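> Start from the sequences, fold in the hints, and give me the full structure.
Listed below, chain by chain, are the residues.
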Amino acid sequence: MNSKTFELSRRQMLRGAGACISLPLLEAMIPFQSANAAVGAEGQPIRFAGFFMPNGVAHNHWDIKGSSLSKLSRSLQPLAEYRDYVTTITGLNNPSGAHNLGTAALFTGQVPKKTPNPAQVNVGNASFDQIVGNAFKANTTLPTLELGMSSPSKGVGMNGATNVYRSFVSWKNATTPVPHELNPKRAFDRLFKNVSVTSNPNAGPSSGLKPDSSVLDIVLEDAKSLQKRLGKADQQKLDEYLTAVREVEERLERQASANVNLNITPTTLKAIRDTEKKLNKALGSGKKGLSAVPQIPYQEYGRLMMDVMALAFWSNSTVASTLMFGDGLHGRNMSFLEGVNGNHHSISHHGNKPKGLSEFGLINQFFVSQLAYFLGRLESMKEGGSNVLENSVVMLGSNISSGQVHNGKNIPVIVAGHAGGKLRGNRNIQAGNKPIAHLHNSLLSKMGIDKRIGGSKEKLRGV
Amino acid sequence: MLRRFLCSLFLVFCTVFFAGCGEDDSKIISNQKPATSAAKRTVFVSDSTIHFFLKTFGEDNIAIRKAEELSNNEAEWKPRSGDLARLKSAEFIFVYSKVNAGWLSKIDSLKGTVVEIAATDSEMIPSYDGQAVFDPEHAAAVAKGTREALAKYVLTGESQRSRLDRFVAVVDSRFAPLIAKSKSLNNRFRPILYSSSRLSPWIGERGVSAKKIDLNPKFAIAGDVVDLTLKQNKIGEAKWIVWTEEPVAELKSSLANRGLQSVVLNPGVDPSGDLKLLAVMRANLEALAKIYDPKAKPGQATAAAPKKKIGEGDFETTILPFLDNYCIECHDADTGEGEVEFDLYSKLWQAEKVPDLWESAVELIEMGEMPPRKKDQPSVQEKEHFIEWTEALSQKWDSGAMGRDPGRITLRRLNKNEYNYTIRDLFGLKLRPADNFPEETGGEAGFDNNADALFLPPLLMENYVESAGIIVETVYRDPQARARYLYVKPTKAAEAMPAARKILRLWASRAYRKPVRKEELDRLLSIYQRSMNKEKNFSKAMQMPLLAILISPNFIYRAEDFAPKKDVFAVSDYDLASRLSYFLWSSMPDGKLFELAQNNELHKPAVLKAQVERMLKDKRSRSLSMHFGGQWFKWEDLRSTIDPDTKKFPMFTFELRVSMYQESSAFFDYLLQNNRSVLELIDSDYAFLNDRLARLYGIPGVTGPQIRKVQLTDKNRGGVLGMGSVLAATSLPLRSSPAKRGDWVLTEILGTPPPEPPMNVAQLPEDDRNLEFKTFRETLEAHREDPSCAGCHAAIDPIGFGLENFDSIGRWRTTQNGATINTSGELPDGRKFQSPAELRAILLEEKDLFVRNMAEKVLAYALGRELTPYDRPIIAKISKKVAEDDYQIHRMFLEVVQSYPFLNRRSDSYKPQRITPKK
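As you go down the protein sequences, you meet chains A and B in turn.
According to numbering that gives the first Met the number 0, numbering within the first sequence proceeds without interruption in unit steps and concludes at 462.
According to numbering that gives the first Met the number 0, numbering within the second sequence proceeds without interruption in unit steps and concludes at 918.
In case anyone wonders, no lab produced these hints; they're calculated from the structure.
Hints should not be assumed to be uniformly reliable.
Said to hold, decoys possible - Simulated restraints, written as ranges between beta carbons of each label pair:
(1) Gln479(B) x Gly454(A): 55 to 61 Å
(2) Gly454(A) x Lys591(B): 53 to 59 Å
(3) Lys533(B) x Lys276(A): 38 to 44 Å
(4) Lys429(B) x Arg245(A): 32 to 38 Å
(5) Tyr909(B) x Gly454(A): 57 to 63 Å
(6) Asp884(B) x Gly454(A): 53 to 59 Å
(7) Lys381(A) x Arg812(B): 53 to 59 Å
(8) Met650(B) x Arg423(A): 22 to 28 Å
(9) Ala332(B) x Arg245(A): 36 to 42 Å
(10) Lys564(B) x Gly454(A): 37 to 43 Å
(11) Arg812(B) x Arg73(A): 35 to 41 Å
(12) Gly90(A) x Pro752(B): 49 to 55 Å
(13) Gly454(A) x Tyr685(B): 58 to 64 Å
(14) Gly90(A) x Asp331(B): 28 to 34 Å
What the hints assert, rightly or not - DSSO-like cross-link-like pairs, simulated, lysine-lysine; straight-line CA separation at most 30 Å:
(15) Lys192(A) x Lys533(B)
(16) Lys646(B) x Lys280(A)
(17) Lys112(A) x Lys910(B)
(18) Lys773(B) x Lys352(A)
(19) Lys276(A) x Lys646(B)
(20) Lys209(A) x Lys533(B)
(21) Lys429(B) x Lys618(B)
(22) Lys209(A) x Lys517(B)
(23) Lys209(A) x Lys773(B)
(24) Lys227(A) x Lys564(B)
(25) Lys564(B) x Lys209(A)
If you're wondering where the values come from, they're calculated on a predicted model, not measured in any experiment.
Quick reminder that beta carbons are idealized off the backbone N, C-alpha and C, glycines included.
Now the structure itself:
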């Protein structure tokens with residue numbers, strides 16, 4: 000990168016920062032604008048939330064008949080209240096239905112390269128959320144927010160595919176997975192640590208000394224001169240560093256940019272403070288030191304994560320976010336649910352026995368109820384004359400169809416939100432054996448993003 | 000890999016296969032030594048019943064009509080037009096009774112042969128409405144009838160083909176659930192076997208119908224039967240036929256003419272063992288049907304020519320045709336099943352580069368897993384040639400004849416742990432900034448220091464930047480740390496720049512772990528200067544350059560000196576110091592290592608040896624106990640996935656979790672501090688406990704929360720297999736899992752992981768309360784009858800049974816739901832044990848496997864990369880040296896440090912040269 004370019008943009012940045020700090024930001028005072036972005040009725044951004052529900056579903060408790068949601072299946076009952084926002088889709092295929100590859104394929108739409116070697120991972124293209132984040136990044140401080148509830152796995156899984164695939168649904172590009180935050184408090188801090196209505200509204204590195212303008216230039220120069228002394232493969236490895244530093248720099252710029260329209264008002268700020276209290280209560284007394292995953296009851300844990308996601312959307316800090324309820328071979332003990340005794344993965348191997356199917360159906364229902372919680376949060380967040388759910392695209396999907404049969408045929412898919420009026424709810428669409436990428440392409444198009452995913456331009460009819 | 004441990008696995012299969020046949024019978028089989036090829040060619044042919052015949056076909060090979068189409072009254076049955084067409088095109092039509100034969104005979108232009116089978120299954124199963132009873136006598140009668148029918152079919156030469164998949168069955172409604180899963184079969188199979196069987200519900204009740212019973216060659220004889228099946232004229236290669244009943248004379252003599260001897264076993268009909276019988280008979284039946292080949296000439300193969308040993312050079316004459324005939328159809332560039340593309344290897348020089356590929360192919364072939372049983376099968380001799388060739392190649396690699404290659408280590412980013420410890424040692428501060436970083440993934444060997452898995456996504460960069468800021472502020476707030484950093488104090492303006500230069504030279508060199516380069520230092524000074532111009536304060540102006548040091552790629556990555564012009568070169572002493580310190584301490588080198596590097600002393604063998612010993616005894620080597628040991632043996636999973644149900648195990652508190660972690664890492668620490676034998680990992684007469692753990696384990700006399708060494712009197716508890724951490728890591732939330740534990744021992748202790756389970760495995764109970772039987776072992780054993788599981792689980796489960804005295808959080812128990820737990824078991828090679836202690840003693844006999852596995856783990860961890868075939872002679876040498884030095888753990892680490900790949904680096908383009916062995 001040309002350091003002169005940086006100089007220039009940094010000056011712009013400082014100008015922008017001044018403007019930003021001096022103006023009180025009122026709700027919808029500045030319409031959200033982007034060259035190609037779809038916007039809500041009153042100019043709000045359209046956000047994307049992607050949920051990964053591992054291990055498939057018990058189809059006998061999940062599938063719906065008919066073209067509307069008037070009769071919800073057992074597992075989908077929790078969506079009753081949000082019916083008008085929800086579309087269920089059957090007959091969509093994950094291109095690679097397996098614990099590992101299917102996880103990476105859900106939002107990337109292609110069959111990942113099967114390899115045991117993390118250096119060779121390839122998912123074909125960036126994931127849906129990253130494409131959305133990238134398209135709208137100029138308007139936010141933290142374009143994408145990746146959250147997860149299982150530690151990444153090491154080693155190699157089924158069929159000799161590295162467990163890197165099972166660990167991440169978000170991919171920066173074909174070869175770089177994006178790690179997720181496991182701790183909702185840390186995610187919160189990243190977004191809101193220093194936020195207030197009157198002073199600097201920027202999110203950003205929360206404390207400590209920040210690098211001044213020269214520092215990032217210098218380390219980039221270090222990297223470039225180091226690169227010259229490396230072998231070819233290592234030069235490529237160091238590209239990750241160069242890209243990452245530039246992204247951090249861009250983010251610092253955006254935080255101070257006049258284009259960023261954070262929605263920090265007394266109303267949203269109160270919600271932010273309330274969430275902070277909730278997080279402190281849940282995590283404050285938490286045991287530290289040993290656990291990578293916070294020791295919070297699973298349901299509450301997920302809801303805290305979704306609280307942070309919802310706030311990130313409402314405050315316009317983020318346009319795209321993913322949450323992995325677990326990794327692609329999720330084996331968490333689900334016995335906290337009434338009527339369930341065992342761990343998620345084992346129960347997903349229900350042997351098609353009624354009891355196993357019933358237990359698995361209850362687990363699926365639990366995840367749907369978590370999704371419903373998120374929909375409720377978004378719906379309660381008013382913006383202009385509507386709410387955030389109106390202006391969002393929410394999607395839930397899985398790596399495999401059913402736990403018993405590991406393939407990607409007919410994976411469970413739920414789409415919710417109205418995409419600023421571009422999506423209708425209360426529908427059950429029969430896709431008829433189409434790849435998930437067709438849905439991605441339809442949704443990208445609804446969001447006004449001129450990108451396609453999964454190596455195909457085709458869209459799903461009727462979305 | 001598994002081959003090493005399961006070289007005699009075949010024998011196990013025999014044993015499992017005849018598990019229903021009683022003790023005496025299995026001995027007959029066991030007497031056939033597996034070492035000879037004769038035993039490997041045993042053919043299992045035995046009596047059968049139509050149920051099993053149906054079962055065989057029904058699961059996989061039957062196109063089924065809809066249930067409603069057939070009347071329950073066979074006499075009224077009329078084929079519908081669709082059936083009629085199929086019947087007419089069928090080659091064989093099996094019928095149960097004369098009734099059916101009767102109406103069949105009225106159909107014109109039946110091309111196929113009608114085979115009548117005497118089966119009276121309705122008598123055999125008096126009731127199937129929930130209370131099925133298995134009647135041995137009827138079963139025997141049915142078996143006899145079926146056998147005779149089949150024998151007739153086989154021996155009269157009516158068959159033009161021996162492929163089972165040419166048969167199709169018409170079955171009645173009650174078979175619908177049984178075969179419902181076989182949709183894909185419609186495409187493949189034509190005729191239909193007509194049956195009025197009522198067997199289906201009976202099977203269904205036993206949990207069989209919903210599952211696919213694979214004719215998985217892993218199970219028992221199938222692999223060998225298959226040899227005899229799909230290639231013509233192979234029957235003569237078999238030496239033995241094992242019967243569960245006296246075969247009909249005709250058949251017996253016919254087979255005897257082919258040079259086959261018969262052994263008769265008891266069929267083991269037993270009311271409670273009916274499922275075993277089912278499996279036995281099913282496989283037998285298939286064997287019988289398959290071996291028949293009307294064109295075979297009796298005795299043909301008994302006079303086989305003496306064998307020529309296949310060597311590595313026989314690739315194009317022996318292996319290529321094998322690949323072309325049996326593998327390439329699926330494993331080519333177009334199809335690429337399992338990411339295996341055999342068309343990449345058409346020349347020896349291509350093929351010999353990938354010994355692991357051939358070894359895993361051999362493993363699958365030996366297990367009967369490949370080629371898939373529906374495909375053409377290689378002959379016994381072809382298989383043997385394939386195996387011999389692979390073994391010759393492996394031997395060549397192990398000997399080092401393929402040349403030396405230090406391997407390529409990707410530019411390594413500091414992982415979370417390394418970052419934390421480096422900051423600790425760099426500034427002497429108790430800071431763990433990386434705890435907030437995203438969790439690391441890991442490579443194939445399971446370690447989070449694999450350079451290829453250490454990505455640097457923007458989120459992490461953000462963390463580095465933020466953490467650098469926090470570190471600088473902390474250094475500045477701490478008077479001592481600040482004084483250490485600003486160790487030169489300029490007293491006047493002119494001294495400021497030289498002071499800054501001195502300070503930054505020292506700190507950048509320490510942080511970069513090698514002398515800072517001039518241009519790097521100049522850049523840091525430019526930051527200082529800019530900051531100084533603004534701040535007008537020396538101390539303040541020195542903040543930004545320190546921040547830059549901590550964000551620089553020279554700190555975040557361990558970039559080693561590179562000599563692109565040289566093929567292989569010794570790593571520099573500074574790089575060696577870092578290799579050592581990050582291997583043994585997960586941190587930066589200390590002053591002593593820097594000093595030796597500066598003086599160019601470190602690489603000298605005696606110096607290196609002394610340093611390794613010093614470093615292992617340093618308390619910083621605890622990182623090995625926590626992260627190397629913890630990721631190898633999985634006690635690091637206490638941080639994440641270990642998840643016992645806290646309602647069932649309320650004592651599994653966070654404190655207990657921590658205690659278990661401490662127990663395990665303290666144990667490993669003790670080995671390092673005292674240079675103990677690595678074999679103590681398998682068995683020790685001591686453990687590291689506190690009051691909480693001692694209470695859990697039922698060991699008296701331990702008070703207080705501190706972890707200390709406790710002498711054990713109970714031989715069942717020592718080593719890693721007696722640790723709560725390991726026992727919990729290999730359990731499910733609500734019960735222990737013998738399969739997980741067996742797999743763990745095979746994989747992590749012996750380095751011989753079993754093949755992957757099939758995807759559609761059935762669920763076993765998640766909780767050990769309310770089991771089918773009282774103990775989980777019995778429940779599991781009942782389920783193991785599924786032949787697609789039984790083969791591998793015969794090798795896996797017994798080991799787990801030997802640990803069933805430990806519940807899922809490591810408590811000792813002798814009963815489960817009131818029934819006594821049976822912890823006896825038998826390994827594939829026949830070694831038996833009665834208790835965890837005896838199992839340990841057997842594992843201790845596998846010293847070679849264990850040490851080799853440990854050497855692989857340590858080397859992969861030390862190098863931060865996956866191992867390659869060029870590492871094989873290295874592993875062999877390390878293992879040998881460790882064994883010669885009484886298995887001392889220091890020897891293991893020392894040998895790894897002194898190994899060729901640890902001390903050397905290579906260019907990207909380096910090609911290893913073969914070494915011609917000296918005569």
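> Flag every earlier hint the structure violates by its number, smallest first.
Hint check: 5, 8, 12, 23, 25 fail, others pass.
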